[in-house]
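Student: Start from the sequences and build out the full structure, keeping to the hints where you can.
Below are the chains, spelled out letter by letter.
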Amino acid sequence: MDKNKRKILIVEDEFVNREILKNILKDDYEIFEAGDGETALELLNSKKNSLSLILLDLFLPKLSGLEILNTIQSNTELNNIPVIVLTSDKELEVQCLQYGASDFISKPYPDSSIIKARINRVVELFEDRQTIKSTERDALTRLYTKEYFYKYVADEDKLNPNINMDAIAVGIRSFHAIKERFGSSFSDSLLIRFSKRIKKLMPNIFGMVCHLEADTFIIYSRHVDDYESLLKELSIDIFVDKEKKTPIKVQMGIYQNVDKNIDIDVRFDRAKTALNKIRDSVVKNYFIFDDKLKEKELFEEELIESFQTAIDEKQFVAFYQPKFNIQGDTPKLVSAEALVRWKHPQKGLISPGIFIPLFEEKGLIQQLDLYVWKEAASQMRKWQEKYHKHVPVSVNVSRIDLFDPTLVETLLDIVKENGLESKDLLLEITESACTSDVNAIIEKTSALREAGFKIEMDDFGTGYSSLSMINKLPLDALKIDMIFIRNAFSSESDNKMIKIIIDIASYLKVPTIAEGVENKEQVAVLKELGCEIIQGYYFSKPVPNEEFVPFLIAE
Amino acid sequence: MLTIENLRKYGANVDEGLQRCVNNEQLYLTLVNRFLDQNAFPDLKTAILDRDLEKAFHISHSLKGVIGNLSLSPLYDIIYQMTELLRNRTEMDYSDYIQRYEMSYSLLAALR
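Those sequence lines, one after another, are chains X and L. Letter by letter, the first sequence follows residues 164 to 718 in the working numbering. Letter by letter, the second sequence follows residues 86 to 197 in the working numbering.
One or more of the hints may lead you astray.
Stated by the list, open to error - Beyond 10 Å from chain L on every Cβ pair, some chain X residues (computed):
id : residue
1  : 182
2  : 186
3  : 251
4  : 302
5  : 317
6  : 336
7  : 351
8  : 523
9  : 691
Unchecked claim - Ranges between beta-carbon positions, derived for each pair:
id : chain 1 : residue 1 : chain 2 : residue 2 : range
10 : L       : 194       : X       : 279       : 30 to 36 Å
11 : X       : 199       : L       : 109       : 25 to 31 Å
12 : L       : 165       : X       : 236       : 57 to 63 Å
13 : L       : 118       : X       : 233       : 35 to 41 Å
14 : X       : 457       : L       : 165       : 47 to 53 Å
15 : L       : 165       : X       : 199       : 21 to 27 Å
16 : L       : 196       : X       : 327       : 49 to 55 Å
If you're looking for bench data, these hints aren't it; they were derived computationally from the structure. Please read these numbers as outputs of a predicted model, since none were measured by experiment. No residue lacks a Cβ here, since even glycine has one placed at the ideal position from N, Cα and C.
Tutor: The structure is reproduced here in structure tokens:
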């Protein structure tokens with residue numbers, strides 16, 4: 164026997180069938196034969212490290228083929244050997260796929276060249292997989308990486324063009340909070356446990372899965388009828404705390420019965436859009452991409468297409484919201500925040516809540532930020548020239564801007580061009596921008612401050628930055644997110660969080676700025692608690708320049 | 086003696102059967118002989134007479150696989166129908182099928 168031949172085990176009780184297969188394969192492979200299930204298991208145990216393939220008949224005396232398949236799949240030493248099932252039963256084919264078979268050969272056997280080609284294909288595919296395994300798998304979860312996953316999705320479509328498929332995005336509710344609370348080694352182990360679970364369920368729905376990022380997974384599967392029970396199976400007996408008291412809450416966004424003419428990444432974008440719709444919702448655990456979301460998708464596409472024109476035609480307009488210092492006897496205007504609005508020629512005024520997350524996602528936010536910085540700087544110059552008023556303006560700096568090596572230079576150029584000083588431009592960085600790559604963020608922020616810019620931390624209390632990080636980050640103010648103001652003055656009247664934030668600010672020796680302040684009572688309480696600066700409807704909503712001028716003049 | 090020509094006259098789809106044997110005529114004839122030697126049909130008949138349709142289905146199903154692979158068309162048509170009836174455990178009189186099978190089988194065996 165040629166030692167270099169790959170080895171195949173044929174499990175088939177009929178001598179005639181066995182001989183036919185042997186005759187087809189004998190030139191290319193070394194053949195082992197088993198006429199019944201028990202012999203098959205014995206051979207499997209003795210040859211497990213050398214077999215390239217198992218050909219398995221389902222109807223066997225004693226042990227049935229399905230039982231053998233099950234044994235193979237549940238044994239980690241055997242389940243990496245591909246199995247091709249020999250059967251004449253259509254219904255059983257489905258069941259075999261679920262049990263992990265790689266392919267079928269029907270009876271009566273097809274043309275011998277077809278048999279040979281299918282067997283060679285599975286053997287090669289399996290060997291390919293062995294060699295590319297390290298690159299096609301995500302290091303943490305051992306699931307497919309996106310690149311390979313998309314390739315397999317395309318393969319699946321080619322193989323089964325007429326089967327209805329679902330694109331599903333899966334997330335774990337409050338994953339960031341879990342990570343924050345129990346640390347990243349715990350959250351990693353949670354991801355691994357969860358990955359194993361998803362992987363295990365894939366055969367049931369003829370699906371495959373990819374670990375996209377953090378707690379987001381994407382699945383391509385045959386259409387699922389009952390998403391509730393899929394969710395249940397995904398979650399059962401997985402806990403998100405060490406005491407095993409809190410069960411995991413899994414959420415899914417589904418683009419069902421995908422249109423296969425649509426790009427693969429668009430299909431999964433749709434699933435993600437549906438997931439984002441309910442992300443971290445307490446009540447809903449899945450959402451199906453529908454016409455409404457499709458409209459939204461189209462709308463967003465239009466916005467993205469018209470972005471460049473909007474920049475060129477100056478459709479983006481900066482509105483200004485005053486910030487007042489309330490610690491004295493009368494409130495004193497100290498600065499303003501520049502907030503962007505989009506005056507779309509056809510769609511009217513578009514809220515930044517709609518286009519900012521979109522531009523962040525599509526990589527357009529840097530361009531918009533730059534636009535607003537320039538607008539705000541040139542407006543400050545006009546105020547100085549026309550009204551001789553010197554009011555600093557704060558602008559948003561997105562996370563992505565912080566990774567731009569030319570950021571400091573760009574900002575310095577803008578203030579110089581407008582005859583301003585660095586301290587006139589206040590830079591708002593949201594807390595959530597500071598949750599990863601902490602050292603790089605600290606470094607960049609320090610460089611900005613050395614160049615004379617003032618840094619305000621936006622949305623403080625809503626992100627997951629750690630206190631030790633805040634301590635290292637050079638700051639000039641903490642902005643209290645409006646959600647805390649709202650909660651503090653709701654029926655519970657719980658202002659503990661505000662107190663804590665003000666305490667942190669005083670420890671850091673920086674003032675606090677409260678956002679979303681709506682009435683006199685709130686102002687009084689915040690003043691009492693030691694909050695220095697207030698921004699909100701109580702003084703003014705964000706207004707266009709013409710309406711802001713009266714605040715300037717009143718100073 | 087069993088020959089390719091005889092089998093063709095009998096009605097077997099010899100070309101197809103040979104194709105499965107990678108055109109090895111000797112192997113094909115050996116396997117048909119082997120099938121005739123093994124003759125599992127009496128067991129099927131007994132199972133049907135005993136009303137053990139479960140067992141009958143299993144035998145019939147296996148037999149169908151072998152006959153199909155050998156492309157013995159006259160037998161395949163009969164065993165295929167029997168297998169489908171037995172798959173649903175159809176309670177009926179199978180004697181017509183049995184007779185037809187046995188007759189066709191005798192014709193084939195007579196070629197030896």
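Student: Determine which of the earlier numbered hints do not hold for this structure and return their numbers in increasing order.
Tutor: 1, 2, 3 and 12
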